[in-house]
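S.K.: Build out the structure end to end from the sequences listed, making use of the hints.
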Amino acid sequence: MSEDSLLEVLEAHGISPDYLPGTTVSRREFLAALGGGIAILILVPSAHGQPPGVRGPRGAGREAPTEIGGWLHIGEDGAVTAFVGKVELGQNARTSLTQVVAEELRLKPESVALVMGDTALTPFDMGTFGSRTTPYTVPPLRKAAAAARELLLDLAAVQMAVERSALAVMDGKVTHAPSGRTLGFGELTKGQDLVQPIPADTPTISPADWRVVGQRVRKLDGVSVVTGQKKYASDLKRPGMLQGKVLRPPAMKATLTSVDTSAAEAMAGVVVHREGDFVGVAAPSEQVAVAALAAIKAEWDRRPLVTPDALYDHLRRTATGAGRDADSVGSMEAGLAAADVKLQQTYTLAYIAHTVLEPRSAIAEWADGNLTVWTATQSPFGVRSSLAGIFGIPESRVRVIAPDTASGFGGKTPGQAAIEAARLAKVAGKPVRVAWTREEEMTWPHFRPAGVIEITSGAKRDGTLVAWEYHNYNSGPAALRTPYAVPNRVVQYHPCDSPLAQGAYRALAAPANFWAREMHMDELAQALRMDPLAFRLANLSDARLRVALQTAAERFGWGRLAPANGRGYGIACGLEKGGYVGTCAQVLVDKTNRQVRVERIVTAFECGAVINPLQLENQIEGATVMALGGALFEAIKFDEYRILNPTYSTYRVPRFSDTPRIEAVLIDRRDLPSAGGGETPFCAVAPAVGNAICNATGVRLRSLPMAPDGVPA
Amino acid sequence: MVELRVNGSTHRVDVAPERTLLSVLRDELDLTGTKYGCGEGQCGACTVLVNGKPARSCLLPVASAEGKDIATIEGLATDGRLHPLQEAFIELDAMQCGYCTPGLIMASVALLADNPDPSEEAITKALEGHICRCGVYQRIVAAVRQAAQAMKGGAR
Numbered sequence: 000m001s002e003d004s005l006l007e008v009l010e011a012h013g014i015s016p017d018y019l020p021g022t023t024v025s026r027r028e029f030l031a032a033l034g035g036g037i038a039i040l041i042l043v044p045s046a047h048g049q050p051p052g053v054r055g056p057r058g059a060g061r062e063a064p065t066e067i068g069g070w071l072h073i074g075e076d077g078a079v080t081a082f083v084g085k086v087e088l089g090q091n092a093r094t095s096l097t098q099v100v101a102e103e104l105r106l107k108p109e110s111v112a113l114v115m116g117d118t119a120l121t122p123f124d125m126g127t128f129g130s131r132t133t134p135y136t137v138p139p140l141r142k143a144a145a146a147a148r149e150l151l152l153d154l155a156a157v158q159m160a161v162e163r164s165a166l167a168v169m170d171g172k173v174t175h176a177p178s179g180r181t182l183g184f185g186e187l188t189k190g191q192d193l194v195q196p197i198p199a200d201t202p203t204i205s206p207a208d209w210r211v212v213g214q215r216v217r218k219l220d221g222v223s224v225v226t227g228q229k230k231y232a233s234d235l236k237r238p239g240m241l242q243g244k245v246l247r248p249p250a251m252k253a254t255l256t257s258v259d260t261s262a263a264e265a266m267a268g269v270v271v272h273r274e275g276d277f278v279g280v281a282a283p284s285e286q287v288a289v290a291a292l293a294a295i296k297a298e299w300d301r302r303p304l305v306t307p308d309a310l311y312d313h314l315r316r317t318a319t320g321a322g323r324d325a326d327s328v329g330s331m332e333a334g335l336a337a338a339d340v341k342l343q344q345t346y347t348l349a350y351i352a353h354t355v356l357e358p359r360s361a362i363a364e365w366a367d368g369n370l371t372v373w374t375a376t377q378s379p380f381g382v383r384s385s386l387a388g389i390f391g392i393p394e395s396r397v398r399v400i401a402p403d404t405a406s407g408f409g410g411k412t413p414g415q416a417a418i419e420a421a422r423l424a425k426v427a428g429k430p431v432r433v434a435w436t437r438e439e440e441m442t443w444p445h446f447r448p449a450g451v452i453e454i455t456s457g458a459k460r461d462g463t464l465v466a467w468e469y470h471n472y473n474s475g476p477a478a479l480r481t482p483y484a485v486p487n488r489v490v491q492y493h494p495c496d497s498p499l500a501q502g503a504y505r506a507l508a509a510p511a512n513f514w515a516r517e518m519h520m521d522e523l524a525q526a527l528r529m530d531p532l533a534f535r536l537a538n539l540s541d542a543r544l545r546v547a548l549q550t551a552a553e554r555f556g557w558g559r560l561a562p563a564n565g566r567g568y569g570i571a572c573g574l575e576k577g578g579y580v581g582t583c584a585q586v587l588v589d590k591t592n593r594q595v596r597v598e599r600i601v602t603a604f605e606c607g608a609v610i611n612p613l614q615l616e617n618q619i620e621g622a623t624v625m626a627l628g629g630a631l632f633e634a635i636k637f638d639e640y641r642i643l644n645p646t647y648s649t650y651r652v653p654r655f656s657d658t659p660r661i662e663a664v665l666i667d668r669r670d671l672p673s674a675g676g677g678e679t680p681f682c683a684v685a686p687a688v689g690n691a692i693c694n695a696t697g698v699r700l701r702s703l704p705m706a707p708d709g710v711p712a
Numbered sequence: 000m001v002e003l004r005v006n007g008s009t010h011r012v013d014v015a016p017e018r019t020l021l022s023v024l025r026d027e028l029d030l031t032g033t034k035y036g037c038g039e040g041q042c043g044a045c046t047v048l049v050n051g052k053p054a055r056s057c058l059l060p061v062a063s064a065e066g067k068d069i070a071t072i073e074g075l076a077t078d079g080r081l082h083p084l085q086e087a088f089i090e091l092d093a094m095q096c097g098y099c100t101p102g103l104i105m106a107s108v109a110l111l112a113d114n115p116d117p118s119e120e121a122i123t124k125a126l127e128g129h130i131c132r133c134g135v136y137q138r139i140v141a142a143v144r145q146a147a148q149a150m151k152g153g154a155r
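Taken in sequence, the protein lines are chains A and B. Quick note, the first sequence lines up with residues 0 to 712 if you use numbering that gives the first Met the number 0. Quick note, the second sequence lines up with residues 0 to 155 if you use numbering that gives the first Met the number 0.
Careful: at least some of the hints might be erroneous.
Reference excerpt, derived from the structure (chain B facing chain A, CB under 7 Å, subset only) [unchecked claim]: (1) Cys37; (2) Gly38; (3) Val49; (4) Ala62; (5) Glu73; (6) Asp78; (7) Asp92; (8) Tyr98; (9) Cys99; (10) Thr100; (11) Pro101; (12) Arg132; (13) Gln137.
With beta-carbon atoms standing in for the labels, derived distance ranges [said to hold, decoys possible]: (14) A:Pro711 - B:Gly153: 29 to 39 Å; (15) A:Val426 - B:Asp29: 23 to 33 Å; (16) A:Val161 - B:Glu90: 41 to 51 Å.
Here are some chain A residues pointing at chain B (derived, C-beta under 7 Å) [claimed, not checked]: (17) Val224; (18) Ala608; (19) Pro612; (20) Glu620; (21) Ser648; (22) Phe655.
Quick caveat, the hints were computed from the structure, so don't treat them as lab data. By construction, the Cβ of each residue, glycine as well, lies at the ideal position given by its N, Cα and C atoms.
M.R.: Structure follows, in structure tokens:
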């Protein structure tokens, strides 16, 4: 496709060329490299591309009714390449998105290339988080591939001068069955220079006819992983690259009062840069950078933090009124008056860390006032926006490339390392890499919020819920509302002042809200002397959630298992991000040392049509393991100045021996649109385990992590 | 000057003897399949084999590896043929982000050399020092079991 034909299409749709990725120069190079052929543009309402609270994707204040959400190109050699702004983080979007394209073009997944997360090559995307890739990127990408197929059929009908209805697409060719003639994709696209948006009436392949989607396709780049050839951001090098290190304050809240960098500056090849509280060095090797940093004398003015013993009171004291997603119906007073059983409980949760195995890193390189950054991030466009703002340059002069990244879990959204590397590279006049240490990675990003959750509830003797008052302090509004039918309810999330930096973590606050709610549901069931499953079902009208819960229970053997000898069973469920989950847990609590061993987890999950059962099972298993950490033992420890456990030797994460037998049961609903699967299967694990611990021991643990030192006797 | 024998080839590198083997492999020899995860020997991402035994290259001074056989993930496939462990990890999808995978495979090579038919418990014990934050542990244990079976059947 040529720039002219692309611009024509954009003009016809009222889209400014400024909304194309990359600088004018790189865009031309890119289009020239792609060459002729055909391109299908995915046009989306700009709302998809507008991250809340982030400056306009291409400069503030501009209006864009429509923008490009992705594109698909078939070159004159027949090569199929799709471009999306999403990032591969290990969730395996690379494989699932490729499957969707391959399906509509009747290709093998290996025949499709997918370019991801590069602000110069891929269209704007707000970021890879919130289980959004499957529901928001799959449908338009599917349509784009289908539109390309239809266009190839049009071209073939003309070139062969045959009835279009007698043509079929298969294995990179269009075949005319009556005559046996075929034309390859390359033969059809040769000499073409066609760019078009997706026609509204583009037909997609019916789920009943799927051959690639719904299949257990293995990770497409698995060979590069197991041979060590896969390059993450931290594996890249640039010619003449220096190693950067940043001076960290001795306290979480501190201001630089004086600094002496003379000794560092005297070291051979070392560049020192100070800008406000930022002090960094760039040196020919990491070892020299470390030595230079150590030679800097700095004085800081430290400000104390609220300490953990005062944390929950502090959160409650600084709470504001109801935030997002408040829900209020009926009268709590009337509801409680009608209740036979009333309960009031408080649940608390600690800050936890993402502890991604690949600490964040970036390489920054300046050339002619243009900045290129390679960095491990979930949000290359957000990082581009931050960099443009900090350096006061247009976003078109910044290119951010996010190579496949080794997990993010919500932690790799901001671009701290990218900003640090860019600052140092600008002063050094050479490319600079900043690669965070484990300790930096577990100190300076944000944490999963701590919180307090208060629940007041009432139920009738027959198990009917009649009152539900729920206040979440600081932890967040995700999955705040109860899925159970209650005629009288008040549900509110209250933003509070957090002593530590906090933000997104896998599934946001949904695991916390699931945990408190589902623990409380068990407490009510206990007070009513009802079976926890029966009590839930009695108050649950959502058909999809009932199926997920009942499927988990059946597969687990719920009702046939009675607690004995320290062994107990628990159940929990809920819905979030368009997915429906039921989880059952079996735990064994050691009679002497009171340690919890989670022996078995069964999770039934329904998220519409399953694109790749193998990868979805893998996500469920992985989410289960990760969730066990926050459920049982993970917690960030801090005093009035510092994080006290920023290492793997001091912050425990789940390991091989913590892993139970995990059974992932997929409920495939091909009649429903696909929702994401990386987050929701995380959510019901902690309450199922907490309920199982109570079932085993009679001890109700209302604080996350629940058993860092075992279950109290 | 340090002389290192890595994957059968000899390299002379001009580095301080106290540099870690990990930093020399990655920064000097561009063998980036071996990863940095923690720098304190707690996560296993940097695992290589030194004389056939798993070693945490993030803690190992390069001088102490001199004269020894160092094996990294890049040298495991021979003549374009994947090792049975590599095949099993792919086949069972025993990875997500893949960052921990090279270290786990190298540790498993050593395990299977010592114990050609390890139980699930033996695998768990041998790999307990490795962290997979994506939580793929169950699949990794199954992959090591599968590779052990394949190797008994004559592969390698």
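S.K.: Next step is simple, just say for each hint if it's right about the structure.
M.R.: Outcome of the hint check:
no.: 1; hint: Cys37; result: holds (4 Å)
no.: 2; hint: Gly38; result: holds (6 Å)
no.: 3; hint: Val49; result: violated (17 Å)
no.: 4; hint: Ala62; result: violated (14 Å)
no.: 5; hint: Glu73; result: holds (5 Å)
no.: 6; hint: Asp78; result: violated (13 Å)
no.: 7; hint: Asp92; result: holds (5 Å)
no.: 8; hint: Tyr98; result: holds (4 Å)
no.: 9; hint: Cys99; result: holds (6 Å)
no.: 10; hint: Thr100; result: holds (5 Å)
no.: 11; hint: Pro101; result: holds (5 Å)
no.: 12; hint: Arg132; result: holds (5 Å)
no.: 13; hint: Gln137; result: holds (6 Å)
no.: 14; hint: A:Pro711 - B:Gly153: 29 to 39 Å; result: violated (54 Å)
no.: 15; hint: A:Val426 - B:Asp29: 23 to 33 Å; result: holds (27 Å)
no.: 16; hint: A:Val161 - B:Glu90: 41 to 51 Å; result: holds (43 Å)
no.: 17; hint: Val224; result: holds (4 Å)
no.: 18; hint: Ala608; result: violated (20 Å)
no.: 19; hint: Pro612; result: violated (11 Å)
no.: 20; hint: Glu620; result: holds (6 Å)
no.: 21; hint: Ser648; result: holds (5 Å)
no.: 22; hint: Phe655; result: holds (4 Å)
Going down the numbered hints, you'll see the structure goes against 3, 4, 6, 14, 18 and 19, while the others check out.
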